[in-house]
Structures are given as structure tokens and as C-alpha cells.
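Going down the list, the sequences are from chains A and B. Its first residue numbered 1, the first sequence is counted upward by one per residue in UniProt numbering. Its first residue numbered 1, the second sequence is counted upward by one per residue in UniProt numbering.
Take these hints with a grain of salt, some might be off.
Computed list of lysine to any residue pairs in SDA-like fashion (alpha-carbon distance at most 20 Å, straight line) [what the hints assert, rightly or not]: (1) B:Lys-235 / A:Glu-41; (2) A:Lys-27 / A:Arg-75; (3) A:Lys-27 / A:Lys-78; (4) B:Lys-235 / A:Ser-53; (5) A:Lys-77 / B:Pro-163; (6) B:Lys-235 / A:Arg-75; (7) B:Lys-130 / B:Ala-218; (8) B:Lys-234 / B:Gly-141; (9) A:Lys-27 / B:Gln-185; (10) B:Lys-92 / B:Ile-105; (11) B:Lys-235 / A:Ala-37; (12) B:Lys-235 / A:Arg-38; (13) B:Lys-234 / A:Arg-54; (14) A:Lys-78 / A:Thr-28; (15) B:Lys-235 / A:Ser-7; (16) A:Lys-78 / B:Ile-105.
Listing some non-contacts, in silico: residues in chain A with all C-beta distances to chain B over 12 Å [to be verified]: (17) Thr-28; (18) Pro-33; (19) Glu-84.
Quick look at which bits of chain A chain B covers, simulated, 3 or more residues with Cβ under 8 Å [said to hold, decoys possible]: (20) 38-46; (21) 49-56; (22) 65-72.
It is worth saying that the hints were derived from the structure and are not from the lab. Note that the Cβ used here is the ideal one computed from N, Cα and C, for glycine as well.
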Amino acid sequence: MAPPCPSFSSHYLPAAAQVGPDGKARKTEGGRPIDLARDCELLGFAQYECLVSRPELPDSPVQCWPVQRWFRRCRDKKGTFTAETTAWEGTTSAGSSKTSTS
Amino acid sequence: MSSTTLLLRGLFRPSRCSPFSRRTAQRLPHHTASSSLPPPPSHAFGLRRNASSSPNPSPSNLTTNSGNGNPHHGQPPSWLGHPLRVILTTIKFVAFAHLIWEYGISMAPASGPSMLPTFEVLGEWLLVSKLHRFGRGVTVGDVVAYNIPINDEVGVKRVLGLPGDYVLMETPDGMGGGNMIQVPQGHCWIVGDNLVASRDSRYFGPVPLALIRGKVIATVRPLSEFKWITNPLKKEDGPTED
Chain A
1 MAPPCPSFSS HYLPAAAQVG PDGKARKTEG GRPIDLARDC ELLGFAQYEC LVSRPELPDS
61 PVQCWPVQRW FRRCRDKKGT FTAETTAWEG TTSAGSSKTS TS
Chain B
1 MSSTTLLLRG LFRPSRCSPF SRRTAQRLPH HTASSSLPPP PSHAFGLRRN ASSSPNPSPS
61 NLTTNSGNGN PHHGQPPSWL GHPLRVILTT IKFVAFAHLI WEYGISMAPA SGPSMLPTFE
121 VLGEWLLVSK LHRFGRGVTV GDVVAYNIPI NDEVGVKRVL GLPGDYVLME TPDGMGGGNM
181 IQVPQGHCWI VGDNLVASRD SRYFGPVPLA LIRGKVIATV RPLSEFKWIT NPLKKEDGPT
241 ED
């Protein structure tokens, strides 16, 4: 099992991102602290909330609503890391529903 | 006599249960190696001709007939070769298939609603690259097959965080809040694409990379569809205001 991991509020993400998994401070190539908005590129993809209309049918229609997730990929002296900024940057729902048939 | 000829004679030599046939086989030029040998003497053809016309077939004509595809009674067909060779070839084939299946590529059926709409609920076959086992070369956004840590089943989920990354612990609520966690070393954070019907790291926490069996690279619907699974994580301009 995973070791005990402290959780923190998403509001503290910019501060938490300054420390690596080894407990040491992250620094950019220039020796500056990590600034998620300035030093990291914004990435994203969608996950979904899907509803199977009639689960008893093998070809039941499926309706899905996208849930956008945002990430920041940053580079420090030891390499790259990713921080999910969905809550930090705000979640947007595309509003349009996608319907597929299984 | 060349070593190739000897080898070929050894391969097609009749079994030990007919020593007389073995002796005659050495005496007669074999059809497989005939191209590397001088033309057979005329008495060899005479023997074949005489043997076919003889009312009482001798052991020598049994040997010559075996080269023409007529099986012996009570002996394996000549194309199988020696039983030991058959066993060795089978073992080699099984070992090679095991090597490919465990360390190369495998395919398995998948079912369930947790990865909708990426995968259908039923009828999906997934092509899994075992080169990515233990999380090797896996990046955020990849779909992986893994051993579920709370039972003995194999699951399929999308990677949202690797060691040192920061991820939301719960489903995004759209309100800009939530608790986060830094993925510990040697672990990853996985979440199903269908957030409302997936039991994943939100439920059992970070998953050890040692439980990653491979990366899903394609889906196959038998006789109908083949689709590569690509990483959807891409650069964005930022959230748009509703």
C-alpha cells in the first residue's frame, strides 16, 4: 500500500508545488521558485460523466457529459512534473453532451 | 559426404523400431539430399523398380516408399520427424509465445462502464504493450492495465499522476475547490474516464507502479474495428468563460 500522504487544499497548490517528492525545494533552471502560471505549459483533456440509459440492453444508448481537466507541466532542475490545476484554474464544462451507443 | 547431408539423413531417419530400414536408408540416396550427391547408381533404381513389382514387399521398399509420402503402419508420419524433435519444437514454440505474451504484447477482453466512452461496456478487446509494465515510459494521459490492489482482478484506467505529480483526490466539482495530494515515489494516480462509474485511486489511493501490467495501445473489436489509443493530453489555451 501507499505510504501515508498528506493532503492539502487546492488553494495551496502553488506553495505545495515548490517541494518535490524527496522533500527538497524545486527550482527552475535559473534557480527561481516554480511559478505554475509562468513556468509551466497548460495541458488538458476531457473525462466524462456517462449515463447508460438502459443497462439491461446490450446496445443501450449512452449519454456522456465532458468534464475538463487541466494540468500544468513544469520543468525543474531534476526534470518535469505535472500538477493538476483543474480546481486551481476553474473547471469548465463544455455544455454539449456526447451520445454514443454501446 | 558433407555434414549437411548427414544432418538431413539424421532428420529423416526412420525410428529405432525398424533397424533394418535404417540400414537400407543409409545405403540408398535420400530424396532430400539428392541434389548434393552424384547421380544414384542404376542398381538403386533397379531396387526401387523391383521392390514395387515384388508381391512380398521387403523392408527396403518400405523405406523408399516412406519418401513418397506413404505412412508406415504404427509409426508417426515422416514429416513429424523424431518424437523428441516434435517435443523440443513444441517447447520452443510455447516458450517463445510466453516471451511475447509476458514481455511484448498481449490481448485480452475488457468489459465494464468505467472507461466510457473511450471503451464500450462490452465486446472490447484491448492490445496491451508489456514493454510499459511497471510504468516504464508511461506518461500522464496514458491508459494502463493494472492489478487492482484490493482484489485479484485486472483493471484498465487512465493515468493522471506519476511520482511527484499533484492531483485532485476527488472528482472535480466545478466549484474550484477540492483536496489535492502529491503522488508518492513509486506510485501513480489512476482514474477511469467515466467518473461516475469508476472505482480507482479516488477510492483506494495511489497505485504502486509495480502493479502496472502494461499500456493499452489499441482496441480491437473482432472482425469489425481496430483503433489506436492515443494520449489525449495536449496543449490548451486555457479555460473559456461560460
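Checked hints:
Restraint check for Lys-235 of chain B and Glu-41 of chain A: the C-alpha separation of about 7 Å stays at or below 20 Å, so the hint holds. Note on Lys-27 of chain A and Arg-75 of chain A: the hinted pairing holds, with a Cα-Cα distance of about 9 Å set against a maximum of 20 Å. For the suggested pair Lys-27 of chain A and Lys-78 of chain A, the alpha carbons sit about 9 Å apart, so the restraint of at most 20 Å is met. Of the pairs offered as hints, the one joining Lys-235 of chain B and Ser-53 of chain A is violated, with about 33 Å between alpha carbons and a cut-off of 20 Å exceeded.
Restraint check for Lys-77 of chain A and Pro-163 of chain B: the C-alpha separation of about 16 Å stays at or below 20 Å, so the hint holds. Taking the CA atoms of Lys-235 of chain B and Arg-75 of chain A, the gap is about 15 Å. The hint holds against a cut of 20 Å. Between Lys-130 of chain B and Ala-218 of chain B, the direct Cα distance comes to roughly 13 Å. Compliance with the 20 Å bound is thereby established for this hinted pair. Of the pairs offered as hints, the one joining Lys-234 of chain B and Gly-141 of chain B holds, with about 9 Å between alpha carbons and a cut-off of 20 Å not exceeded.
As the CA atoms of Lys-27 of chain A and Gln-185 of chain B are separated by approximately 19 Å, the hinted pair is consistent with the 20 Å bound. At most 20 Å may separate the alpha-carbon atoms for a hinted pair to count; Lys-92 of chain B and Ile-105 of chain B meet this at roughly 18 Å. A C-alpha spacing of about 14 Å is found between Lys-235 of chain B and Ala-37 of chain A, which places the hinted pair at or below 20 Å, so the restraint holds. Annotation: proposed proximity of Lys-235 of chain B to Arg-38 of chain A holds, straight-line Cα distance about 15 Å (limit 20 Å).
Simply put, Lys-234 of chain B and Arg-54 of chain A have alpha-carbon atoms about 34 Å apart, too far for the 20 Å limit, and the pair is violated. Restraint check for Lys-78 of chain A and Thr-28 of chain A: satisfied, since their Cα atoms lie roughly 9 Å apart, inside the 20 Å limit. The suggested pairing of Lys-235 of chain B with Ser-7 of chain A is violated, with an alpha-carbon distance near 27 Å, which exceeds 20 Å. Annotation: proposed proximity of Lys-78 of chain A to Ile-105 of chain B is violated, straight-line Cα distance about 32 Å (limit 20 Å).
A cut-off of 12 Å between C-beta atoms confirms that Thr-28 of chain A is not in contact with chain B; the least separation is 15 Å. Once the 12 Å rule is applied to beta carbons, Pro-33 of chain A is consistent with being away from chain B; the minimum gap is 15 Å. With a minimum CB-CB distance of about 5 Å to chain B, Glu-84 of chain A fails to clear the 12 Å threshold, and the non-interface call is violated. Under the rule that three or more residues need a Cβ within less than 8 Å of chain B, the assignment of the region 38-46 of chain A holds, with 6 such residues.
Closer than 8 Å: that is the beta-carbon criterion, and the region 49-56 of chain A has 4 residues meeting it against chain B, so the requirement of 3 holds. For the region 65-72 of chain A, the proposed coverage by chain B is satisfied: 5 residues have a C-beta within less than 8 Å of a C-beta in that chain, meeting the threshold of three.
Consistency with the previously given hints fails for numbers 4, 13, 15, 16, 19, ordered from lowest to highest.
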